[in-house]
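When you get a sec, could you build the whole thing from the sequences and use the hints?
Each residue of the sequence shown is one higher than the one before, starting from 1 at the first, in the working numbering.
Certain hints may be false.
[Said to hold, decoys possible] Straight-line alpha carbon distances no greater than 16 Å define the calculated EDC-like cross-link-like pairs of lysine to aspartate or glutamate that follow: (1) 333 x 537; (2) 472 x 337; (3) 867 x 877; (4) 361 x 497; (5) 272 x 221; (6) 472 x 400; (7) 472 x 537; (8) 851 x 861; (9) 333 x 532; (10) 107 x 95; (11) 538 x 327.
[Said to hold, decoys possible] Pair ranges (Cβ atoms, derived): (12) 131 x 766: 45 to 53 Å; (13) 294 x 327: 25 to 33 Å; (14) 790 x 542: 50 to 58 Å; (15) 73 x 619: 26 to 34 Å.
Calculated from the structure, these hints are not laboratory results.
Keep in mind it's a predicted model, so treat the numbers as computed, not measured.
Each residue gets a CB set at the ideal place from its N, CA and C atoms; glycine is no exception.
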Amino acid sequence: MFSLRYRRTSYAAHQQTTTSSGGNDIGTDNNSKSPFYCDEDYDAKSKKLSNVRPHYVMKALGSELTAVTALTLVALVFRLWSINVPRTVVSAELEICNQINWYMAEKFFIGAYPPLAGMFYATLARYFGYSGGEPIYYAGQFPLSELRVTSAAIGTLLVPIVYLTVRKLGHQQPAATTAAGLLIFENGLITQSRFLMPEGLLCLLCSLTALTWAIQLRKQEREPFMIPYNLQAITGVLMGCALSIKWQGVISLVVTWTSTLTYLWKILGEKKFGFNYVAKQFIARFITTAVLPLCIYLMLFHIHIGMIPMAGDHDLVVSPRLRFSLEGNEFPKTQQDIAYGSSVVLRHWGSNGGYLHSHFKRYEGGSTQQQVSVYPFEDMNNIWVIHKADNRWNASQPVEYVRNNDRIMLEHYSTVRKLHSHDHRPPVSNKKEQSEVSAYGDPLVRDPHDYWWIQVLYDDGQSDGDDKTPIKAVNTRIRLLHSRICHLLSHNVRLPDADKPQQEAICMQGAKKELSAWVIEQAYHENLEGEELVGYEKMTRMEIIKEVHRHMLSYRSVMHDHLAPTPPADPTFQIQLLKREQAKPMDWFFGTKAYRLWDQVAGRSVYLAMNPSAKVMTFIALATCGMYMALSTILQKRQIKLPRAFEWAASLIHALALYMMPAFNLKLADSLPSAYFSAGLIAVVLDAVTLRMSRKTQYYACLTVVLLACYGFIQLYPVSYGSRFWTQSDCRRLNGIDLECNRYPETNPHAQQQQQRVTEDEKRDKISIVYVDMPGKAEPFRYHIGHEIQADEHIAAMQGASFSKAYREATGTARYHRVESTPGPSETEVAMWQKEIFAHARERAEQEAIKVVEEANKKLEEEAAQKEHEEQGQQQEAEQQKADD
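Next up, the structure:
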């Protein structure tokens, strides 16, 4: 492999060829060919360019075309096999299926990843005649089978692409065949390509990026003073599209720029390339492979926003400006000026939790006073009336505008209690700087803990205690400072309400400005009718894109689906789930992790898992490259060139860079591009090892590697296709992959011999438990051993009924916000509450007045008695004095 004589011979042949062609080869200056690089255009033994006749060239091309076609057809068969198993939508397909429906209805939505995959499948679905009328709201409905076939075709394209990539990098046909064969039998890629998942398109675009970059590398080597703008531009477009599928597509940009910087560093040290040429190369590559991908990404987002202009199901989780920028959402304009006595609705600006809210319910602990929360739905309980701190407004008073730094009271309209805070801790948040916020008192109570200072929040964050700027609705952000020096705020924490919990509101010292910002969204004062009205301005397309990205970065905390199942409170199940979710990219790539997509009680399941044999060979290939790189210093002294590290670097970078991706958006399928590059890496290393061997030996080595991959595929094919009824013992016999074996039956219900061993009495006496996904929960389901098929039928019927009922109850915007809608009070109920509270207030005031009068009378009586006593004492003293005289 490292024969110095062969390397020098190859070097002399290439130098002769370069001289005869009148060009320079950047990749081989002053060094010999690498064992990781082979160019069949040169004859190493004769030390000159091979004199190949045209008909031999055509014959070779025909042979390669036949090989590529055969490999592609075999790959297509493996991916189309049992394409409709299961015949239902799996959980991993729900996002794409929902996006298809939203695109069809032109409804705005926030996706878990960039939009290109959804746009692609929605366009195909429309072409196949789907109109988007079927609601897809749980894993268990029938999908469009044509889209799964399309996904399988996309997965198949990886095979000819990897073949061409290896060949374009200069390696021999057996190496290219090896890479293609490894992808044919890669279980992870096979499983992924059989479902509607964005990672299939991501793999395709990453592979096309590698192919175009490999072509431009070869062209750059043969014509070093020419910049292949067209190939670099195509590479940039492909990288932009990959980034528009998932953010993991940025790893292709990292791989490309690793190769670019290596190349630029190399030519920077060569005298024949001037500095101007190096700068020109850098600028050209920066524009085509850095600026252009970003432009493509933004352009596709612009198209995406243009395709969904209508009000959608995610309206409540976005800002009010974005919500009312959508078609179908009309914002009723409100009075701009705020005066004492104005009825206002305050929206929390720091989150999308909704409006400051209170209702006729008390905290179970703490002060046990009336609850105050943040609530996203329109309700009369969102209305507050602004009063001066020391003077409750009434209709006889003149209009006086509320200004910055005014001390105010906020009186809840429905219950006429004041916004209040005190020393009690909040019901959920429990830090020393946090205090409970409640509604307290009645219209006639005066309490210093009801006083708040209203402060304008300027963009620069500065504040002026002497500023008296009038407060305006909609356009003025404010903070409310309590008399105890804490600010009113809300955060993404829900109250401990077993029924329908709402978002917690607290008062916090040192509160962050973004969490304590509020805006008066609605205002009404009877004496300001006819004054100027104001509303939200429409957002520009770029502003919408910025906000969408802000929500995507915090997707798990922003988005909530009431129909999505949640883990049960079973410690064993929680531990298993935690282990699965905490898996790292390297655990999937080199470890034993697998991801369950679908299963049945009867023993059929589909798991996404890497081919175990391919993982072992990848590790060996990486170790071989590592050892070779470690010997690079010695090899360079012996005039041996460093290996072309494209496949090696791409495979490793794709695996390591996943650690920098958002955790909520990271799945096992994101490691599949690494599996793609690993196949090329194994082929390149095999080519290096067998470089001096005969072509027959090379093909035998190729066949051996592919057979090893086939062996690993056979081990996992039941969970790749979901085609066999496994038992727990079958699962435990599988080595190298972690599967949830406890979810399989103890005996195979379809095996007659096993059924005969278990009597009906034993089946009835032995019960097993499996957790079933339900709306908002996962329920334990008990069934008798030996009746797994009937259990699956019962589970399917139970899920269908439960999800359809939940879908009817939580449609539209109410489905995707964490807080559920509760019936608001009617005007009659509000009038009754107010009348009752006013009556209690008057009764309390009368009792207090009577008490005051009684205390005053008592005091007068005491004073009169004391005076009479003093007069009697004085009279006695006078009489005594007279007697003494």
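task = Provide an ascending list of the numbers of those earlier hints which the structure does not satisfy.
result = none
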